[in-house]
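Going line by line, the protein sequences match chains A and B.
So the first sequence is numbered by our numbering: it starts at 1 and just counts up by one.
So the second sequence is numbered by our numbering: it starts at 1 and just counts up by one.
These aren't lab readings, by the way, just hints derived from the structure by calculation.
Among these hints, one or two may not hold up.
Copies of the same chain look alike in the list, so a pair counts if it works inside one copy or between any two.
List of simulated lysine-lysine pairs, DSSO-like, C-alpha gap at most 27 angstroms [stated by the list, open to error]:
# : residue 1 : residue 2
1 : Lys6      : Lys80
2 : Lys210    : Lys70
3 : Lys6      : Lys143
4 : Lys80     : Lys308
There are 2 protein chains.
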Amino acid sequence: MPEYRKDIILDEWVIIATDRAKRPENFREEKVRVQVPKTEVCPFDKGNESMTPPEILRMDSSGNMVDKSKDWLMRVVPNKFPALIPYTSPTSSRYGVYMIMDGFGLHEVVIHSPEHITNISKLSEFELGILIDVYVRRIKGIKNDKRIESVVIMLNQGREAGASLEHSHSQIFALPMSPPVLEKEIYGTKRYFKKNLRCAMCDLLEFEVKEDKRVVFKNRDFFVIQPFASRNPFETWIVPKRHSPNFENALSDEKESFAHCLKLVLDFFYYELNDPHYNYYIHTGPLQYEAAGHFHWHFELIPKLSIKAGFEIATGIDICITTPEYTAEFMKASRIFNS
Amino acid sequence: MPEYRKDIILDEWVIIATDRAKRPENFREEKVRVQVPKTEVCPFDKGNESMTPPEILRMDSSGNMVDKSKDWLMRVVPNKFPALIPYTSPTSSRYGVYMIMDGFGLHEVVIHSPEHITNISKLSEFELGILIDVYVRRIKGIKNDKRIESVVIMLNQGREAGASLEHSHSQIFALPMSPPVLEKEIYGTKRYFKKNLRCAMCDLLEFEVKEDKRVVFKNRDFFVIQPFASRNPFETWIVPKRHSPNFENALSDEKESFAHCLKLVLDFFYYELNDPHYNYYIHTGPLQYEAAGHFHWHFELIPKLSIKAGFEIATGIDICITTPEYTAEFMKASRIFNS
C-alpha cells in the first residue's frame, strides 16, 4: 500500500510507493554510469596552481592555514566560470512585469587534494575534518560582507550528479538572499516552535531515538538518519544533537564527530552501494540575522538512485520507491556501520 | 554577466549564467542517451489488451469514445504499479511527531497508440487533438469524486526523463490535495491579482507580445513562449490567450489550437534538437473550489538538457545556462516554426 508521509519541517507530503521498489541490495547493481569527460591537464592537480584564479585559502596536511610558499592539502579558489560574481551590487530593478538583478554573489571551489582523486571517499577521516574546517573558515570569512545573507556548501560527486571536472572538489555559494528551500525550512521551524515551544528537529531526533527504526548511527555529537519523509532512496542526513542554527558555530569537538559520521557515510556509499553519484549540501541558518534561532543546521546527502520525472517536477511531491526503515536496516547491517 | 530573474507567479529567483553556456545549436549534438530496457512482450501493444488492468476509456481513430468491441487508437487504463490507489480513504493520522496517510488517489495511463511507437512526436496533429480530448474527458470523469482536489497530467519521454516502458504513453494522477507547486502558483496569482486587479499570466503574455523576444509562435488561441525566468534550457510553455483557470473547460476550438501548437513543439524537439528526453505536464486549477479563479492554466515542457545538481537541490534556485531570448530566436529560425 503506497502512503503519504509529511515532512514536519517543510510541511509537505511525499509519497512512499514500494510496489515498484527494488530491494536495497539491488541498488548495489553494477551500472554503467556517465562519467565526467577527462581533460588532458587538470587545473586542480598539484603543479597547475596557476591555472586557477588567485587562491583564497590554502591548508597544509596538518590542517593549518598556510601561505603560498608551502605545500598544500586543500585550496579554495574562485570558480573560473562563476554562476555568481562579486564585482557588482545586489540591487534589483523592474523590467516590465518582471524583476531582474545582476548575478551578485560568490562562487568558490574547494579542491580536496593535490593528487588527482576522483572520489571524496578517498579522503581520510582526518582530511574530512580539515575539509569541514575549511567550510567553517570560509563562512566566517564571507560573513564579513554584510550584503551576503546565506551560504550554500555543496558537492557534486560524479557526472550524473552534475560534476563537470573529475578531480574531487566541493563548491561554496554566497547569496544576497535566503534561497526558497532554506526559507521554507526556517519558516517551518518557526511555525513549529510557535505551536510547541520546541525545535522541530530536536523533537524529530528524540522521536527517532525512541523509535529506533531510522537511526543508522550515532556518536557523541551526531545522528546519521534516514529521514521519515524521505524523498529519495538512501537519502541520508547527518544532524547535530546540540541545537544550533549555524554550522559555522560548531564546536571543535563537534567538527571531529561530524567528520567521523561523514567518513562512515561516504564509505558506505562507495563500498556498499557501488559508488553511486550523489550530491551533498549543508543547510545552515542565514548569516546576518538571528530570526532563524529555531533553525537546526544539518547535512543532507542525496544519491542519484532514481529519476525525478514529470510528476515530481509538475507537483513538487516526490515519489520514493524505498522506505527509510528498510534502507536504515540495510545500512546498519553493513560492514561500515556494524563494525 | 550572470543575472537573477524573478518568476512573477512563483515569486522565486532563477540564475541565468551563460558564461558556461553551450550555444543553442550545440544542444543538437549527437549524444548517447540511456534508453528504456526493451521488454519481450509490450503490454501496451494491440493484441495485448488483457495484460493491462481493466480499461477505463477507449477512443477510436476518429476521436469517438467506443466500447471494447471496437478497434482503438488510444486507451486509458489504471497503472499496474500505481503510486496511488483508489480503494482507501484520504484520512491522515498522527505518528509521533509526523503525519501519515494511505496513498489515496488515482494513477492512470493513457496509451497513445495501438502500434509500438516510442516517441509522442509520431502522433499527428489530429491524434494529439484526440489525446487532449482524452485528458479533458478523464478530468471531467474524475471530478465526480469529491475527495479528489487536483489532477496532474504528465508525460515522461525517454528513460532519462523517467519513462520505464518505451511504448509512448502519458499518465494521469488524481490527488486529494493541491500539490506544492500548484499551491504556490495559485497563491502567486492571487497575490498578484490583489495588488494589480489583473491576472499575472495575462499581464505576462501582454508584455511578451509587446517585447517580442521570447514568443516563439502564436495562433488564434495560444502562445508558445520561452519563459523569462526560465529554469531549464529550452523550457517551453504553451499558454492559452483566454483567461481560464481550468484546462478541462477549454473550448473545442481551443483544443484544436492547442493540438496545433503541441505538434509544432514536439516536432521541434524531435527534429531540430535531436530527440532529447523530456517531461511535459499541464498545470490546471483545483477541481472542487473556485478560489483559484485568478489562476491561468498552461502547459510546460522541460527538456533534460542539463542536470539539477547540488546547488539546485539544496536551494530550490535553478541555474539556467542559456537565455530564453537566445533559444526563442533559435526556435523561430528553425524549419518547424518558420514555414
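Query raised in the report: Looking at the structure, which of the earlier hints fail to hold?
Result: Of the numbered hints, just 2 does not hold.
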